[in-house]
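Engineer: This is what each chain is made of:
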Amino acid sequence: MDNTLSHKQHAQIQAHIQAHQHVPGGLMPLLHAIQDDIGYVPETVYPEIAKALALSVAEVHGVVSFYHHFRTHPIGKHVLQICRAESCQSMGSANLEADLKAKLGVDYHQTTADGNVTLLPVYCLGNCGCSPAVMLDDEVYGRMSAEKVADLITEVCHG
Amino acid sequence: MVKIYVPIDSTALSLGAERTAKKIMQEAQARGIEITLVRNGSRGLFWLEPLVEVETAQGRVAFGPVQPSDVAGLFDAEFTQAQADQAKAHPLYLGLTDELAWLKKQQRLTFARVGITDPLSLEDYLAHDGYQGLKNALAMSGTDIVKAVTDSGLRGRGGAAFPTGIKWNTVLNAPAEQKYVVCNADEGDSGTYSDRMIMEDDPFVLIEGMTIAGIAVGATQGYIYLRSEYPHALKTLNEAIRKANLAGYLGDNIQGSGHTFHLEVRRAAGAYVCGEETSLLESLEGKRGLVRFKPPLPAIEGLFGKPTIVNNVISLATVPIILDKGAQYYADYGMGRSRGTLPIQLAGNLKQTGLVELAFGATLRELLYDYGGGSASGRPIRAVQVGGPLGAYLPESQFDTPLDYEAFTKIWAVLGHGGIVAFDDSVDMAKMARYAFEFCAVESCGKCTPCRIGSTRGVEVMDKIVLGKNHPQNVQLLRDLSDTMLNGSLCALGGMTPYPVLSALNHFPEDFGLSNKEAAA
Chain A
1 MDNTLSHKQH AQIQAHIQAH QHVPGGLMPL LHAIQDDIGY VPETVYPEIA
51 KALALSVAEV HGVVSFYHHF RTHPIGKHVL QICRAESCQS MGSANLEADL
101 KAKLGVDYHQ TTADGNVTLL PVYCLGNCGC SPAVMLDDEV YGRMSAEKVA
151 DLITEVCHG
Chain B
1 MVKIYVPIDS TALSLGAERT AKKIMQEAQA RGIEITLVRN GSRGLFWLEP
51 LVEVETAQGR VAFGPVQPSD VAGLFDAEFT QAQADQAKAH PLYLGLTDEL
101 AWLKKQQRLT FARVGITDPL SLEDYLAHDG YQGLKNALAM SGTDIVKAVT
151 DSGLRGRGGA AFPTGIKWNT VLNAPAEQKY VVCNADEGDS GTYSDRMIME
201 DDPFVLIEGM TIAGIAVGAT QGYIYLRSEY PHALKTLNEA IRKANLAGYL
251 GDNIQGSGHT FHLEVRRAAG AYVCGEETSL LESLEGKRGL VRFKPPLPAI
301 EGLFGKPTIV NNVISLATVP IILDKGAQYY ADYGMGRSRG TLPIQLAGNL
351 KQTGLVELAF GATLRELLYD YGGGSASGRP IRAVQVGGPL GAYLPESQFD
401 TPLDYEAFTK IWAVLGHGGI VAFDDSVDMA KMARYAFEFC AVESCGKCTP
451 CRIGSTRGVE VMDKIVLGKN HPQNVQLLRD LSDTMLNGSL CALGGMTPYP
501 VLSALNHFPE DFGLSNKEAA A
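Order-wise, the sequence lines are chains A and B. Per this note's numbering, the first sequence runs over residues 1 to 159. Per this note's numbering, the second sequence runs over residues 1 to 521.
Hints are not guaranteed to be accurate.
Said to hold, decoys possible - With a straight-line Cα cutoff of 27 Å, these simulated BS3-like cross-link-like pairs (lysine-lysine) come out: (1) A/K148 to B/K351; (2) B/K235 to A/K101; (3) B/K3 to B/K135; (4) B/K135 to B/K294; (5) B/K235 to A/K77; (6) B/K22 to A/K148.
Claimed, not checked - Among chain A residues calculated to face chain B with C-beta under 7 Å, some are: (7) A102; (8) G105; (9) Y108; (10) L125; (11) N127; (12) C157.
What the hints contain is simulated information worked out from the structure, not anything from laboratory work. Note that the coordinates shown come from a computational prediction; the quantities given were computed from them, not determined experimentally. Even glycine gets a Cβ: it sits at the ideal position worked out from N, Cα and C.
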């Protein structure tokens, strides 16, 4: 996957940096804005972020790396998160995890060979009344089985 | 024109409510039937979602669970005239929603409007007693508002159960140019979703609660620190805040009172530890979510070093009804020192999951069997975890414990945020103990040694115990390690991981390869 930024992406990042420069505690919203647009937070822009927010590059790196949500490399077109928390475990999520990993041919934090789906673990989606739950991009799905998730992937990611 | 309700709550959506709503619109159009489709919150009966309601002269009539494939049949049965004989004979007909036993037995105070109104309709909110609390608060002094919250007996619903009024009083009496109100909406505990429901299904009640908090203590800026796993809540809150600003319920000179309160949602980024209030404040300041030493308390030196109220969503969303109906009204519910109601969340392996708001004092057994209907799998319920991943596992012999903060403390358990996760007899409690350490290792902020190192050592010791290596010594080591984490950790993450671990060991020793006698030793 290509890790270099296009002119457009760089301009987007610049605009976000400017917009968040004077926001109190602006680093988190800035990182979100960048990841929302670009799909990840490129390490190459740490120096610009650091300069604009009067931080050290190490501080920016420290924040990005602390939070599970932020990533520093491009990922697949779609993100599939499987809930690993207790409620989902009580409804057989361990099997769901194993089946899906086998079906997709990837482990957590990996992307399918076609670049379509990145598999991530998540600790609770707040859908504990309908376990096991998964989240595909921004939508939550409840009472899932490996077959149902496979159908979802076909519908959403190949549709 | 008949009004039809299809929930827009995440759980309903996760079961297909969006497609059901679309199908209803299409079918109505095709048949030339005029309907108004309202997207309400969820009533919290998740085994019946998507729950579709039809307004009638007698009240709202429920049908559920309604899949898109059921919609044509419902129209054939003339369900838009829900009290017609044909509609009543439909297999998905449930009768008047308010008469459903699950709802009728509840005491919904914080959740009074949830599932009833359109979450983003300010008109709906006002028509259902919304902003009555603020109206009263605007006529009171800050001291009197704080007194009302104190007198209501409200305690932090996030899990710590600290009296809300006392926290507010500290902020009220801390002199400062700038103060803040921060809502902890980083609901990361497995088995909990009441915060999410409030934010998605009745966002104005949270906004009203925070506004009252701001006016009470003289804080002009509020932040909602929202977990990134809740994209629907984010959208709903931002839209509700926009509407509240437009209508003069937020911003400068609120309702002509001269009071100012600005509110902003900030997204978290998937760190469980940021549910701890000082870690949350660090994160809001744009830093790594490292837990702070206390003192100083956030009420004195909180966000950006200023006096700050940090309260959970449910605590803040309960403030409006206290200010509306009075402290005594709220305090009249409950038992002992646990006053008012608790929104309980039934989760995991249960037939009937969902939201049950009750006065403190109901027993676990009532919730698991009367409301929950027993396990979903049909097997016996063997263990129940209450209060999230840092809560103790309770065996059947403790199911008669009333839901009350002190009663739970007595049996070395926590009520936490009111989440109840049931497991059937296929659960391996040694695995759950190992998982508790694993989770702590993934989520530790790394500041204190017992949590940072102890969690990883815990996983290793558990692996040895499961393999039966040097068994008695390793069980002793597990207890020693738990003791260190319990007493030496900086915050509840490391400090409470021993709750699930030791409760699993003590109540289910056979899963650790021990007899009861060995476990007691």
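Engineer: The structure should be examined with respect to each hint, and the outcome stated for every one.
Structural biologist: Here's how the hints hold up against the structure:
For the proposed pair A/K148 and B/K351, the alpha carbon gap of about 20 Å is at most 27 Å, so the pair holds. Taken as a hint, the B/K235 and A/K101 pair is broken in the structure, with Cα atoms around 31 Å apart against an allowance of 27 Å. Our distance criterion of 27 Å between C-alpha atoms is broken by B/K3 and B/K135, whose separation comes to about 30 Å. Of the supplied pair hints, the one linking B/K135 and B/K294 is violated, its CA atoms being roughly 36 Å apart against a limit of 27 Å.
Among the hinted pairs, B/K235 with A/K77 is consistent with the structure: their alpha-carbon atoms are about 22 Å apart, no more than 27 Å. With a C-alpha separation of about 21 Å, the suggested pairing of B/K22 with A/K148 holds against the 27 Å cut-off. Taking 7 Å as the C-beta contact cut-off toward chain B, the hint placing A/A102 at the interface is violated, the least distance being around 20 Å. Given hint, A/G105 at the interface with chain B, is violated; its Cβ is 24 Å from that chain's nearest Cβ, farther than 7 Å.
With a least beta-carbon distance of about 11 Å to chain B, the hint placing A/Y108 at the interface is violated under the 7 Å criterion. Using the Cβ-Cβ criterion of 7 Å, the hint placing A/L125 at the interface with chain B is satisfied: the shortest such distance is roughly 6 Å. At about 5 Å, the closest approach between the beta carbon of A/N127 and any beta carbon in chain B falls short of 7 Å, and the interface hint on this residue holds. Because the smallest distance between the Cβ of A/C157 and any Cβ of chain B comes to about 18 Å, over 7 Å, the interface hint for this residue is violated.
Of the numbered hints listed earlier, those contradicted by the structure are 2, 3, 4, 7, 8, 9, 12.
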